[in-house]
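**Q** Take a look at the letters that make up each chain.
Protein chains: 2
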Amino acid sequence: MFENKERTDISELGEFGLIDSITRNITISNSSTKKGVGDDAAVLSFEGKKTLISTDLLLEGIHFDLMFTPLKHLGYKAIQVNLSDIYAMNGMATQVTVSLGLSSKFPLEAVEELYEGMLIACKKYGVDIVGGDTSSSRQGLVISVTSIGYADEEEICYRSGAEEGDLICVSGDLGASYVGLQLLELEKKIFIENPSIQPDLEGKDYIVERQLKPEARKDIVEMLKEFSIKPTAMIDVSDGLSSEVMHLCKQSDKGCKLYEEKIPIDPMTYETAREFNLDPTVCALSGGEDYELLFTIKQADYDKIKGSADVSVIGYITEPSAGMELISKSGRVHPLKAQGWNAFNKISGEN
Amino acid sequence: MFENKERTDISELGEFGLIDSITRNITISNSSTKKGVGDDAAVLSFEGKKTLISTDLLLEGIHFDLMFTPLKHLGYKAIQVNLSDIYAMNGMATQVTVSLGLSSKFPLEAVEELYEGMLIACKKYGVDIVGGDTSSSRQGLVISVTSIGYADEEEICYRSGAEEGDLICVSGDLGASYVGLQLLELEKKIFIENPSIQPDLEGKDYIVERQLKPEARKDIVEMLKEFSIKPTAMIDVSDGLSSEVMHLCKQSDKGCKLYEEKIPIDPMTYETAREFNLDPTVCALSGGEDYELLFTIKQADYDKIKGSADVSVIGYITEPSAGMELISKSGRVHPLKAQGWNAFNKISGEN
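The listed protein sequences derive, respectively, from chains U and F. If you count by the working numbering, then the first sequence holds residues 23 to 373, one letter each, in order. If you count by the working numbering, then the second sequence holds residues 23 to 373, one letter each, in order.
Just so you know, the hints here were simulated from the structure itself, not pulled from any lab data. Remember, it's a predicted structure, so these values are computed and weren't measured experimentally. Don't be surprised by glycine CBs; every beta carbon is placed ideally from N, CA and C.
Computed list of lysine to aspartate or glutamate pairs in EDC-like fashion (alpha-carbon distance at most 16 Å, straight line):
id, chain 1, residue 1, chain 2, residue 2
1, F, K145, F, E237
2, U, K56, F, E175
3, U, K56, F, E176
4, F, K56, U, E175
5, F, K56, U, E177
6, F, K56, U, D174
7, F, K57, U, E176
8, F, K57, U, D174
Selected chain F positions facing chain U (Cβ under 10 Å, derived; list incomplete):
id, residue
9, G36
10, F68
11, L74
12, D78
13, S106
14, Y109
15, L122
16, S125
17, S157
18, S166
19, T168
20, E175
21, I257
Isolated chain U (complex conformation) (with noise of 0.2 Å):
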């Protein structure tokens, strides 16, 4: 992977050496940092506020294939996956610690190439890295990412303020991360199977930046305070939207019914999906790595928000009793499922 570029081996540089070698391009942007790297523990100032913080392990083999993700995208990514939870709260992200886990075949150059997606994706979103652990590993390439941020008590949507009536809002366009993972899958199988023939992903740009590069959607937390609106409820589409309907149903203690026809899909992965004989809708549904944002508003929110391109009205919430239902476009009725950690497996046989 790394055969063609110059090599430093960390077990060379020690713990030490690496960690001044990968902080040293960390600079500091927001004023509750107090204190980042070098001690003990990060000190963070949140007068008035409240704290957020969020967690995610993101492992080799599990979360991402090294074949296919360049490791600054790998490093971007991690982030981002992280800072959709703090969006999720409606609060706003200001800290990262990282911790890293490095097997041996990883030089220097490929850790300084992870650390500085980490960095831009960093500085693109306002965020400080303030600590972290680095090891060695075994294990191939663990990344343990917190991010901390910051909310006004009232200002803090959880997944359990749904209420009858509410409309359930999506951000963005879903399915297109998991369509482009089967996408990246299949090249690589080619790639395996004949190292010539180079991947062809020619016109699949959006499908495949929507994998390896997601973009949390501070955005829309910005947009959701200049048009004063709360959502009720909300939280970040990581597993797939029917799993994140359900979380905010069941915390809620509602039902909902969710129309196809609404689900917004982009033509891209519409179209790739059905080139993968799979149905776009269960790639939506269970694809999960949308890192889109799922919340509830009350009815009387909806003329502020409908001139947004970027967030469709997907669905209504319920009386608990009505179940947690899709209408799909041909107006048959189905529940929803929840999909966890091998929703990727399944999918095939969920159509």
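Since the structure of chain U is already known, use the hints to place chain F on it.
**A** Coordinates of chain F only, in the frame set by chain U:
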């Protein structure tokens, strides 16, 4: 490892089933925890205080060996190691997030054991588990813990505050954890060569416990407050006394004199090190995993602390040009050497 016990395959439960199962026993004890597990992020409130954050990654085969580490102890230790960083800032730890990567060899019962140790540690130290992530792992057990705490701004002890003439103090005793590890590794080797020979740890409880079940020194932070001592600098001893003293000196831009004869070493550590043909002082300097607190105090504070059996004054801070030196029992002067990752491999060549 789990052959004789009940085995519930985690893949049967799914991610959400696993999360339900392990979070069922979580209780909240801190008023600063506004919302714990169960949403996109935890919500914390540190009115008028600074927030402290630290994170550590523990990887199977690098940081722990499941051949001789009971999972309950491992869970306990994973928490302690992290809390130690918050205490090293002179703060109080209040929350942790816990991420686990689990390979298929771990049944639910194993995860529950690990988690039980974590909950015991959290309960004992008054800390809430407020979030985390669970994932399958192709790579053995991965544990990532982020600890969160608070302190008044004026109470926080950085590594950088040591002044010339300050006394260098350390809590407890050093080297025991490293020597305990040598003993466990020897018994493992004997057991592998001849499984009919049962491990003989008779009379070695203290050093084995120091390795398997360390305690973060919350009590020392409380004692310092009680004595109205604010250390001028503080750090916890995770990599060995030598590299921690060097961190304090470098970040304070100072030198130091350490006295070998003052370094606190438990008699069992001393004897066992000798049995292994190890220099007990080198074990204290470079062994690590003691999780004691190393701190500097003004000379004027000496009278307040001199009666404490749990704190040793082991040297003093000098001007930077005097270097960082250890005065041996025979009066010889040695420059201190830093150890990072590979300390355990290099230590035997250090005498």
